[in-house]
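Participant: Below, each chain spelled out in residue letters.
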Amino acid sequence: MARTPERRAQRPVRDARADARHARDAQHPIATVLAEHEAELLTEWLAGQRSTVRRPDLIRDSELNAQAAEFLATLRQAVMTGNVRDVQAPAYDGVRSVLGTLSRARSLQGFTPSETAMFVFSLKGPLYARLRRAVPGGPDQVIDTMAAAGHLLDQLGLYTVEVYQRSREEVIARQQEDMMELSTPVVKLWDGIVALPMIGTLDSARTQVVMETLLQRIVETGAEVAIIDITGVPTVDTLTAQHLLKTVTAARLMGADCIISGIRPQIAQTIVHLGVDLTDVTTKATLADALRLAFTRVGAANGVPLRQTPARA
Amino acid sequence: MPPIRSEVLELRATPDIVHVRQTVRARAAEMGFTLVDQTKLVTAASELARNAITYGGGGRVRIEALEEDTRRGLRLTFEDQGAGIANVEQALTDGYTTGNGLGLGLGGARRLVNEFSIHSRVGEGTRVTITRWM
Numbered sequence: 001m002a003r004t005p006e007r008r009a010q011r012p013v014r015d016a017r018a019d020a021r022h023a024r025d026a027q028h029p030i031a032t033v034l035a036e037h038e039a040e041l042l043t044e045w046l047a048g049q050r051s052t053v054r055r056p057d058l059i060r061d062s063e064l065n066a067q068a069a070e071f072l073a074t075l076r077q078a079v080m081t082g083n084v085r086d087v088q089a090p091a092y093d094g095v096r097s098v099l100g101t102l103s104r105a106r107s108l109q110g111f112t113p114s115e116t117a118m119f120v121f122s123l124k125g126p127l128y129a130r131l132r133r134a135v136p137g138g139p140d141q142v143i144d145t146m147a148a149a150g151h152l153l154d155q156l157g158l159y160t161v162e163v164y165q166r167s168r169e170e171v172i173a174r175q176q177e178d179m180m181e182l183s184t185p186v187v188k189l190w191d192g193i194v195a196l197p198m199i200g201t202l203d204s205a206r207t208q209v210v211m212e213t214l215l216q217r218i219v220e221t222g223a224e225v226a227i228i229d230i231t232g233v234p235t236v237d238t239l240t241a242q243h244l245l246k247t248v249t250a251a252r253l254m255g256a257d258c259i260i261s262g263i264r265p266q267i268a269q270t271i272v273h274l275g276v277d278l279t280d281v282t283t284k285a286t287l288a289d290a291l292r293l294a295f296t297r298v299g300a301a302n303g304v305p306l307r308q309t310p311a312r313a
Numbered sequence: 001m002p003p004i005r006s007e008v009l010e011l012r013a014t015p016d017i018v019h020v021r022q023t024v025r026a027r028a029a030e031m032g033f034t035l036v037d038q039t040k041l042v043t044a045a046s047e048l049a050r051n052a053i054t055y056g057g058g059g060r061v062r063i064e065a066l067e068e069d070t071r072r073g074l075r076l077t078f079e080d081q082g083a084g085i086a087n088v089e090q091a092l093t094d095g096y097t098t099g100n101g102l103g104l105g106l107g108g109a110r111r112l113v114n115e116f117s118i119h120s121r122v123g124e125g126t127r128v129t130i131t132r133w134m
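Chains as they are written, first to last, in my numbering: chain Z, 1 to 313; chain R, 1 to 134.
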């Protein structure tokens with residue numbers, strides 16, 4: 001907010017109280033203290049951080065000192081504009097930029113949100129001590145100034161938490177996208193045979209993507225046999241089973257036979273107890289068994305004995 | 001006998017089911033359950049956690065490690081404050097579902113564990129307790 005120049009331009013029509021308020025804002029005690037005691041504040045602040053929130057395992061002293069010095073310098077410039085309330089104003093662009101970089105870095109370095117916010121909140125102690133000595137006038141003025149300083153630092157501390165949170169969310173969103181990409185490799189094993197090695201959980205939105213990819217590849221390759229390998233699926237519950245059954249049915253409608261492989265002993269026993277009926281589906285213990293069966297089916301369909309199946313990949 | 005270890009996990013959305021499965025598997029493995037028993041317990045937990053989220057609108061699960069004189073076990077208590085089940089016998093029947101699943105989850109979960117109890121009141125919610133002994 002370009003408040004100062006605006007006010008100056010309008011000065012003739014403003015009443016005396018507005019002028020007085022402007023004069024006080026322009027030389028707000030916070031600005032005075034930051035301007036006159038920046039070096040001492042920095043020393044006291046860093047000493048306070050060292051005794052409370054310092055994480056020598058995560059950040060070097062030299063880096064912390066540089067961040068603190070940069071933050072104090074930009075904060076002084078922002079406060080000198082007379083605005084000590086609205087940290088979203090353009091005057092605070094520099095401060096927000098410094099805090100944004102710092103918060104993002106700390107979320108990646110492994111700091112907790114509290115530790116990140118304490119970077120700003122720990123300035124309160126030294127700043128209040130300096131203000132108490134610097135503010136002229138009675139208790140009212142002292143309380144007003146303290147309240148303003150508290151509000152300002154609270155806003156900035158919360159801003160660090162917001163940025164921290166946002167950067168965590170960005171990481172999570174990116175990982176989710178990566179997993180979507182990773183999860184659907186349909187590979188062609190032989191002429192007429194495709195395989196889908198499933199990995200991870202099969203009860204999410206991902207399953208839909210997996211199923212569509214398999215059906216698409218069956219069309220593209222003209223495969224007669226599709227092997228779904230569930231060796232990498234840790235839990236097969238009723239929803240997983242239902243997804244598998246639907247995929248098998250859809251593939252069959254498109255003219256491809258499905259074989260489910262990678263059914264480990266513990267999964268087999270669990271499926272039996274659950275009561276899921278897989279008798280209509282061809283299942284094999286290993287991918288190798290499934291491939292052997294697929295060869296006989298494809299070979300039989302083409303009238304070619306297994307031995308002479310062309311070795312094209 | 002009081003449980004030797006107890007923890008509570010929130011069930012709000014489907015990603016929480018994965019977390020429940022992983023936690024139950026880790027606890028069962030720590031206690032020395034065989035791979036088959038681990039898988040049965042994890043699968044039952046997966047069914048009940050999904051029921052609590054899909055039909056109960058979310059809830060929580062308490063995971064307790066039990067130790068008695070001669071045996072050790074893992075007890076899971078799923079609670080939700082959803083619509084409740086009007087006819088529990090019917091809900092336990094294979095193939096019966098009010099949603100679009102296979103209708104095997106509740107009955108299947110009962111067959112995968114040693115002890116199974118269900119308390120449900122319409123409008124108040126459902127509590128399912130399962131125990132598997134080593």
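Rather than coming from a laboratory, the hints here were simulated on the basis of the structure.
It should be emphasised that the depicted structure is a prediction, and the values quoted were computed from it without experimental measurement.
Among the hints, erroneous ones may be present.
[As the list claims (entries may be wrong)] Computed footprint of chain Z on chain R, listed as stretches where at least three residues anywhere in the stretch have a Cβ under 8 Å from a Cβ of chain Z: (1) 36–48; (2) 83–90.
[To be verified] Interface residues of chain Z toward chain R, partial, derived using beta-carbon atoms under 8 Å: (3) 235; (4) 237; (5) 239; (6) 241; (7) 265; (8) 270; (9) 274; (10) 275; (11) 276.
For each residue, glycine too, the CB sits at the ideal point set by N, CA and C.
Participant: Flag every earlier hint the structure violates by its number, smallest first.
Facilitator: 2
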